[in-house]
Amino acid sequence: MAEMQRAAQCDETLLVAEGLSKSYGRLAACRDVSFTLYPGEVLAIVGESDSGKTTLLQMLSAQLAPTAGRVSYRMRDGVLRDLSSLGEAERRFLFRTDWGYVHQDPAQGLRMAVSAGANVGERLMAVGWSHYGRIRDAASSWLERVEIDTARIDDAPRTYSGGMRQRLQIARNLVTEPRLVFMDEPTGGLDVSVQARLLDLMRNLVSELGLAAIVVTHDLAVARLLSHRVMVMKGGQVIETGLTDQVLDDPHEPYTQLLVSSILPP
Amino acid sequence: MSVMIEMTGAEKTFTMHLQGGVRLPVVRGVTFQVKAGECLVLSGPSGAGKSSILKMIFGNYRCDGGRIGIRHEGAMIDIANAEPRDILSVRRATIGYVSQFLRAIPRVPTIDVVAEPLIATGTSRADARQQAGHLLRRLNIPERLWALPPSTFSGGEQQRVNIARGFISDHPVLLLDEPTASLDAANREVVVDLIDEKKNAGVAIVAIVHDDEIRRWIADHVVDVTVFAAAA
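Line order of the protein sequences matches chains A and B.
Here numbering that gives the first Met the number 0 is used: the first residue of the first sequence is 0, the next is one more, and so on.
Here numbering that gives the first Met the number 0 is used: the first residue of the second sequence is 0, the next is one more, and so on.
Misleading hints may appear alongside valid ones.
[Claimed, not checked] Some chain A residues close to chain B (C-beta under 7 Å, calculated; not the full set): (1) 117; (2) 228; (3) 238; (4) 239; (5) 241; (6) 244; (7) 248; (8) 249; (9) 253; (10) 256.
[What the hints assert, rightly or not] Sample of chain A residues facing chain B (criterion: CB under 10 Å; computed from the structure): (11) 37; (12) 75; (13) 192; (14) 195; (15) 243; (16) 252; (17) 257; (18) 260.
[Claimed, not checked] Derived Cβ-Cβ restraints for the label pairs, each shown as a range: (19) A:262 <-> B:123: 34 to 40 Å; (20) B:121 <-> A:24: 48 to 54 Å; (21) B:8 <-> A:10: 28 to 34 Å; (22) B:183 <-> A:260: 45 to 51 Å; (23) B:64 <-> A:253: 18 to 24 Å; (24) A:148 <-> B:22: 52 to 58 Å; (25) B:64 <-> A:143: 51 to 57 Å.
Keep in mind the hints are simulated off the structure, nothing from the lab.
Each residue gets a CB set at the ideal place from its N, CA and C atoms; glycine is no exception.
Produce the entire structure from the sequences given, and follow the hints as far as they go.
Set out below in structure tokens:
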């Protein structure tokens, strides 16, 4: 979309990937990926299954060690640090506070048997909040922001619909005001009408909070609606990159042209 | 008056890999200047590359050669070779673009579709909505429709929403792709007035209009795009 929100107004990079590769024996799952991400910028990584996009996301979010290359992240003190050099406390800080990770399957990102309020409050307790009333207030205000009826605050997410679970997962991630959110197929497995609502919500939250995000998706409509920039992956490599509307309206690579031309017009 | 847009030898070719690598040359040697307060109209038959030129200036189509200079925050920046984040910054602050068709976003109310560019540059939501309402009223979109997403509107209504969205910001460069195509006479006049106001405010405009009367009203220069025909 043309209405690129207040992205990338800051001149300091937030995350830098340099020559990232991952191989399993002779199989190269991801080869030589480099890019920089600025605060407030939303990057979509698109490609079909087995293109290496999920492997890349796992390396970027320090869940998988690269075979070669490195990821650097600017910590809140302003210093750019190699993720592999971080101590345990710093890693925990990233996972619990400064980063969010939205899984395709909400059951992986939520605790299904505890209440929605506790799911959101848990991340606050992990960063030292202890006042029950304040935690509950924060949880309740976040449920409202993601359009979940606060009367359902004491219900466990296993009683929620798929769309509600996904919105709850987003609330749980955003409650600590992270600066970077990783999303793995955030709308996968949802009905189309539910997807539209979720996308609209994410779009607004990302722009209001000035979040940076890295979104893995096979759905080009998701990339168009959410992202400023796009990287197209195939066979573990980035084959095309640029502004989202540029890559989708004027694709250069044969594979990108195939992806774009395979969408049915609404 | 300072030069706001300076195209020099810009060219564009599509290579269709799915059709056996067919090359479709669109334009070559596109060269013109637009100064602040001027309106340049691109003319030529359909398929000549008029819309492509607007998309190249907006950074939506990539440019295969030449230069597309835009005065952005006091300095010339070459869109043809700019980084994505610089193009985003140019779009935020400098270039407004009214496309031929509104790309409706599901669920977003009309008033917010129009207000969004202002909010993105830091205007408060309340102020942005007020200005959006003012423009929608001028363009004869009834207030009862403002809270609805424009996806169900008629073609003419959608186009007016698109125009309101494009005109709400104070961008010093404005690209208009057939802004009056599906409008009735009264609304065409409103758009001509809006364009005049922009010109008086020093905005540099590149427009595509097929209506001869409107062209006479708004154009300071007319460039025939067929001179840039790239076909061998």
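Quick rundown of the hints versus the structure:
no. : hint                        : verdict
1   : 117                         : violated, 30 Å
2   : 228                         : holds, 5 Å
3   : 238                         : violated, 12 Å
4   : 239                         : violated, 11 Å
5   : 241                         : holds, 6 Å
6   : 244                         : holds, 5 Å
7   : 248                         : holds, 6 Å
8   : 249                         : holds, 5 Å
9   : 253                         : holds, 4 Å
10  : 256                         : holds, 5 Å
11  : 37                          : holds, 6 Å
12  : 75                          : violated, 22 Å
13  : 192                         : holds, 9 Å
14  : 195                         : holds, 4 Å
15  : 243                         : holds, 9 Å
16  : 252                         : holds, 7 Å
17  : 257                         : holds, 6 Å
18  : 260                         : holds, 6 Å
19  : A:262 <-> B:123: 34 to 40 Å : holds, 37 Å
20  : B:121 <-> A:24: 48 to 54 Å  : holds, 52 Å
21  : B:8 <-> A:10: 28 to 34 Å    : holds, 31 Å
22  : B:183 <-> A:260: 45 to 51 Å : violated, 36 Å
23  : B:64 <-> A:253: 18 to 24 Å  : holds, 22 Å
24  : A:148 <-> B:22: 52 to 58 Å  : holds, 56 Å
25  : B:64 <-> A:143: 51 to 57 Å  : holds, 53 Å
In summary, the numbered hints that this structure violates are 1, 3, 4, 12, 22.
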